[in-house]
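Now for the letters of each chain:
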Amino acid sequence: MKDRLTKWRLLSVFAVLALVLSGCGEPFLSTLKPAGAVAKQQYDLMILSTIIMVLVIAVVTVIFVLAITRFRRKKGEENKIPKQVEGSHLLEIIWTVIPIILLLILAVPTVAATFEQANVKEMDKKPNKDGVRDALVVNVRANLYWWEFEYPDYKVITSQELVVPTDQKVYFNLISSDVKHSFWIPAAGGKMDTNTDNVNKFWLEFDGAKAQEANNLFYGKCAELCGPSHALMDFKVETKSQDDFKKWLSAMQSAKAASPTDTAAAQGQKLFEQNCLSCHAVSPDDARPEQARLAPNLATFGERSRVAGILDHNEEELKNWIRDPEKYKPGNKMSGTYKQLNEQELDQLAAYLMSLKVEEQ
Amino acid sequence: MHAEEKFTPQTWPESPEKATLEGKNKFLGFWLFLGGETVLFASLFATYIALKDKVPSPDHMLAKDLFELPLVFVMTMLLLTSSLTSVYAMYHMKNYNFKKMQLWMLITVILGLGFLGCELYEFHHYYTEYNHTFTSSAFGSAFYTLTGFHGAHVVFGLVWMTLLMIRNAGRGLSLYNAPKFYLASLYWHFIDVVWVFIFTVVYLMGMVG
Amino acid sequence: MSTIAQKRGFASTIWDYLTTVDHKKIAILYLIAGGIFFLMGGIEAMMIRAQLAVPNNDFVSAGLYNELLTMHGTTMIFLAAMPLLLGFMNAVMPLQIGARDVAFPFVNALGFWLFFFGGLFLNLSWFLGGAPDAGWTSYASLSLASEGHGIDFYALGLQISGFGTLMGGINFLVTIINMRAPGMTYMRMPLFTWTTFVASALILFAFPPLTASIFMLSFDRMFGANFFNVAAGGNTIIWEHFFWIFGHPEVYILILPAFGIFSEIFSTFSRKRLFGYSSMVFATVLIGFLGFMVWAHHMFTVGLGPVANAIFAVATMAIAVPTGIKIFNWLLTIWGGSIKFTVPMLYAVAFIPSFVAGGVTGIMQAVAPADYQYHDTYFIVAHFHYVIVGGVVFALLAGVHFYWPKMFGTMLSEKIGKFTFVFFFIGFHLTFFIQHFLGLMGMPRRVWTFLPGQGLDAGNLISSIGAAFMAIGVILLLLNVVITSVKNERVGNDPWEDGRTLEWAIPSPPPFYNFKQLPLVRGLDAYWLEKMEGKTTLTPAEPIGDIHMPNGSFTPFVISLGLFIAAFGAMYHVDDKAWAIPVLIGGLAITFGAMAYRSIKDDHGFHIHKEDLMDDDNEDKGVKA
Chain V
1 MKDRLTKWRL LSVFAVLALV LSGCGEPFLS TLKPAGAVAK QQYDLMILST
51 IIMVLVIAVV TVIFVLAITR FRRKKGEENK IPKQVEGSHL LEIIWTVIPI
101 ILLLILAVPT VAATFEQANV KEMDKKPNKD GVRDALVVNV RANLYWWEFE
151 YPDYKVITSQ ELVVPTDQKV YFNLISSDVK HSFWIPAAGG KMDTNTDNVN
201 KFWLEFDGAK AQEANNLFYG KCAELCGPSH ALMDFKVETK SQDDFKKWLS
251 AMQSAKAASP TDTAAAQGQK LFEQNCLSCH AVSPDDARPE QARLAPNLAT
301 FGERSRVAGI LDHNEEELKN WIRDPEKYKP GNKMSGTYKQ LNEQELDQLA
351 AYLMSLKVEE Q
Chain W
1 MHAEEKFTPQ TWPESPEKAT LEGKNKFLGF WLFLGGETVL FASLFATYIA
51 LKDKVPSPDH MLAKDLFELP LVFVMTMLLL TSSLTSVYAM YHMKNYNFKK
101 MQLWMLITVI LGLGFLGCEL YEFHHYYTEY NHTFTSSAFG SAFYTLTGFH
151 GAHVVFGLVW MTLLMIRNAG RGLSLYNAPK FYLASLYWHF IDVVWVFIFT
201 VVYLMGMVG
Chain E
1 MSTIAQKRGF ASTIWDYLTT VDHKKIAILY LIAGGIFFLM GGIEAMMIRA
51 QLAVPNNDFV SAGLYNELLT MHGTTMIFLA AMPLLLGFMN AVMPLQIGAR
101 DVAFPFVNAL GFWLFFFGGL FLNLSWFLGG APDAGWTSYA SLSLASEGHG
151 IDFYALGLQI SGFGTLMGGI NFLVTIINMR APGMTYMRMP LFTWTTFVAS
201 ALILFAFPPL TASIFMLSFD RMFGANFFNV AAGGNTIIWE HFFWIFGHPE
251 VYILILPAFG IFSEIFSTFS RKRLFGYSSM VFATVLIGFL GFMVWAHHMF
301 TVGLGPVANA IFAVATMAIA VPTGIKIFNW LLTIWGGSIK FTVPMLYAVA
351 FIPSFVAGGV TGIMQAVAPA DYQYHDTYFI VAHFHYVIVG GVVFALLAGV
401 HFYWPKMFGT MLSEKIGKFT FVFFFIGFHL TFFIQHFLGL MGMPRRVWTF
451 LPGQGLDAGN LISSIGAAFM AIGVILLLLN VVITSVKNER VGNDPWEDGR
501 TLEWAIPSPP PFYNFKQLPL VRGLDAYWLE KMEGKTTLTP AEPIGDIHMP
551 NGSFTPFVIS LGLFIAAFGA MYHVDDKAWA IPVLIGGLAI TFGAMAYRSI
601 KDDHGFHIHK EDLMDDDNED KGVKA
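Chains as they are written, first to last, in full-length UniProt numbering: chain V, 1 to 361; chain W, 1 to 209; chain E, 1 to 625.
Some hints could be false.
[As the list claims (entries may be wrong)] Here chain W is said to cover these stretches of chain E; the calculated rule only asks that three of the stretch's residues, wherever they fall, bring their Cβ under 8 Å from a Cβ of chain W:
no.: 1; segment: 170-177
no.: 2; segment: 217-224
[Claimed, not checked] Under the rule of at most 20 Å between Cα atoms (straight-line distance), these lysine to aspartate or glutamate pairs were calculated in the EDC-like manner:
no.: 3; chain 1: V; residue 1: Lys256; chain 2: V; residue 2: Asp285
no.: 4; chain 1: V; residue 1: Lys80; chain 2: E; residue 2: Asp498
no.: 5; chain 1: V; residue 1: Lys80; chain 2: E; residue 2: Glu497
no.: 6; chain 1: E; residue 1: Lys535; chain 2: V; residue 2: Glu78
no.: 7; chain 1: W; residue 1: Lys24; chain 2: W; residue 2: Glu14
no.: 8; chain 1: W; residue 1: Lys6; chain 2: E; residue 2: Asp603
no.: 9; chain 1: E; residue 1: Lys531; chain 2: V; residue 2: Glu78
no.: 10; chain 1: V; residue 1: Lys80; chain 2: E; residue 2: Glu533
no.: 11; chain 1: V; residue 1: Lys74; chain 2: E; residue 2: Glu414
no.: 12; chain 1: W; residue 1: Lys18; chain 2: E; residue 2: Asp603
no.: 13; chain 1: V; residue 1: Lys83; chain 2: E; residue 2: Glu533
no.: 14; chain 1: V; residue 1: Lys83; chain 2: E; residue 2: Glu497
no.: 15; chain 1: V; residue 1: Lys75; chain 2: E; residue 2: Glu497
no.: 16; chain 1: V; residue 1: Lys333; chain 2: E; residue 2: Glu147
no.: 17; chain 1: V; residue 1: Lys357; chain 2: V; residue 2: Glu303
no.: 18; chain 1: V; residue 1: Lys83; chain 2: E; residue 2: Glu530
No lab work stands behind these hints: they were computed from the structure. From the three backbone atoms N, C-alpha and C, an ideal C-beta is built for every residue, glycine too.
Put together the whole structure using the sequences plus the hints.
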């Protein structure tokens, strides 16, 4: 018996140690550091259910430990025949009714929160005369290993990095253009699938103060197995204050196609037009239908925090990526669709891509 | 009672299909099997209802444009009648009248063949006239899978009954083969019931739109 | 027929097993085949954990990883856990109800061979161009997009083995309803028999939706149908519904027999009758029933809307009530007992906290909005491994030790068994406990690698270390099997000395006809009742007489082989191979031909004569000494 207890103790020590080491996760990624109304409500439900469940576990553990310690067959009891008890109605009623009560306590807020988090009526309200709704709506389109974010009321498209204002509800239309994916920003709230069949709708909110803790950059993930690079289908969420967000939107709306000044970047632009432009757009107002938007919009590429959603944002990694995308994201749709570039061409292309900026224009 | 025992109409038991343990097991097992089959067909029905008239482009035929009730009505009558004739066969089996049982079984098989002929004609018609095929749309896939599964069950039932009749033609009824005939007949009823649902859900509701 | 004791050559033993319809031999076949698949699934798991031990690892490639995770899940559920449980059902259930065999011995053999060939077909994918890679759930958009033949192997392999399982389910239902010994009323059936009964009913009603949806998937992939092709009007959510209408009852198909095994073990090694037997039966049936009402809790994030999500959330919570009833009944069974910590009992005791931990996270997931966070993360991975390993695999390991003497007539070493337990138990919690937190910290499941700097490194390393412990435990078990088989020390009827049910009243292993005379059952725990009255044998319900037994048959093997061949035809038809359609038709012809042969050829079985039974009696005495 001692062995068993020691084992348990060892285990819990291990678990606690592991938790201390990782400290409940990073503020930009962890569901345990909720950074918005939805995540907070979900976190509260987690805590409520955990408390109830720990209560249950405690009761079971006490009975369990007492039972296995007290009723061990000891030496000299080899022939002991314990009393054959049939059952007890009273006990059975107790352990039927108490769980039902506990579950009711859990069920009520569950149902309430389910409906609250599915409330997207604001999305369907009439737009004003400029075609702009009061609610901020973002169309999310998931593609094999990249994300497109369209602000339909503002005719603005960006990719890989979602930009959202803090302290206001952001509504999402979710769809996938190839296989099923799932849109998840752990710190901001639970996920919703991007189906191939239909548009899903939900909302999230980003808390300004919490966003500061995460340096205004949250991690987003694909949460549905979608192929070899499912693990690498990350995106980032950049949070801005509502004023800054408005500025960003108007900058995006008025963004002009970049006209690089230095020669390398200008050469890069030519290369880009020959090799990349048929899939990648470089201005935020891409009017082509979504079937034609085969690759991420690169209008803000120079301002991003990652290359391809995963690599550090510098020219070296950018060149590595263009040299062999397959190495970094197996199964992506970009490999082999453009000519082999030499080192000089890579430098030029990287210079051009890094010059693609909207806000600093 | 042993399976090999010889009988006269007087000693022949009331429920010959359940007179032996083997028979009793088969009887129950087959009912359970039909329970599983019911769920299988329910799944196919659900799929059909979900995918009914789901076509890639407006130039595809929809249910209301396709079905011709007179033909389907004939098919329904053929199958319903065959169910009745198989009841007659079982009636004669219970009365230890082997010859009559075989005769009614034969009529059942012939009616079943008639049904199958109509269905093949129907499919052929849709394929050639309306270009409504298994691969043309989700609607087509669901339609042919549901009706085709039923059709395959009909084929299986026909082969089964024919084999039983030929195999036992020379040796008459026994407690060994009585459960086999009974199960074949039970299977046939099941196929019939499924068809009634197909007639209602696919054809009648299809005509309504 | 008393010649079975004779020594036979290797080839004739093989032939014997290929043609056997004896439930005890079929149980051994299930145990061997399921065991091999369990080891394969385990190796796949080890490769998964090796890959995820450190961030940005390149031990396996992304594509191979997806194949590993798919095959690990599919193998463990369909080809290891379920067949192993079917093995125990075969080995024990007919003995527990006092039957000489199952209702349909032929179908029993057919069920095994279908499972075997289905599993073989699925695993051949490793050698024939790549394994399936869309997860064990094989969601339609991804499974249609998946290149190569992997998903075809998945669809056809599961279809074939699914037929086998379905037949097993029907067979057990009929056996339990029709073949019980005199006096064995429903409310005197041992709990393992009850759980077998309910699990079989679940199989009967849960597998057809899977069959239907796998047909659709096969038709889409191989014959140009459009069920899941959105462009042609199809709908991928249909697959998800069907998969989970099957998939959720499936987890109860696994866990209920596990509950049954533990119920037997608790009451045996506490020397007490099961506390609240009738409420245990009621809870089992209720769990089985509710199991069909909750499938959409696997689909909370699909976008079914708040009404559906709320209904399924509450329905899911309801399942906690009967499961809780069971836990408390087990606790009260050992309460006041005389507990002997044998290896099976260690697993049973360890099962309670492990399974409760898995169960409560299940309730946490029923909270739909919170599940939006848990869904498809390592939290889910942790949860279902807690219930499936902490519940089902613990039960399998406990069952192996518990029933080994009954199946093989010799005891597994208790000493090695305890080491197995310690390694496996520690490894299990080490591997999976931390995964709850990995999920909450933002790690999605089914990721082939993870980037550093996300706070996930330490947890993954701990998890991988735990996996190694479990591997050591399994290796020790294999060692135990080898050592025990070599030593081969024979044991008597009731090797645990506290056996309560009918199977412990007859020799280990039982003679092929099980009971010379059908026993008269006078209450719950029939053998215990007899023992309490100082008897060592059961009260017979009939005089010694001729026993009718079925003949062995090679036909089940041939029927299954035909489908196995046909599957290759269906699959390579996609590549426009000229031989594909002939092979498909030929394979089906073999299957249906063999079925027709079975239908036409009379098979009345044979009788063991009274005199031979008397002879056996004397032999038995010689063996037992």
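Against the structure shown, which of the earlier numbered hints fail to hold, in ascending order? none
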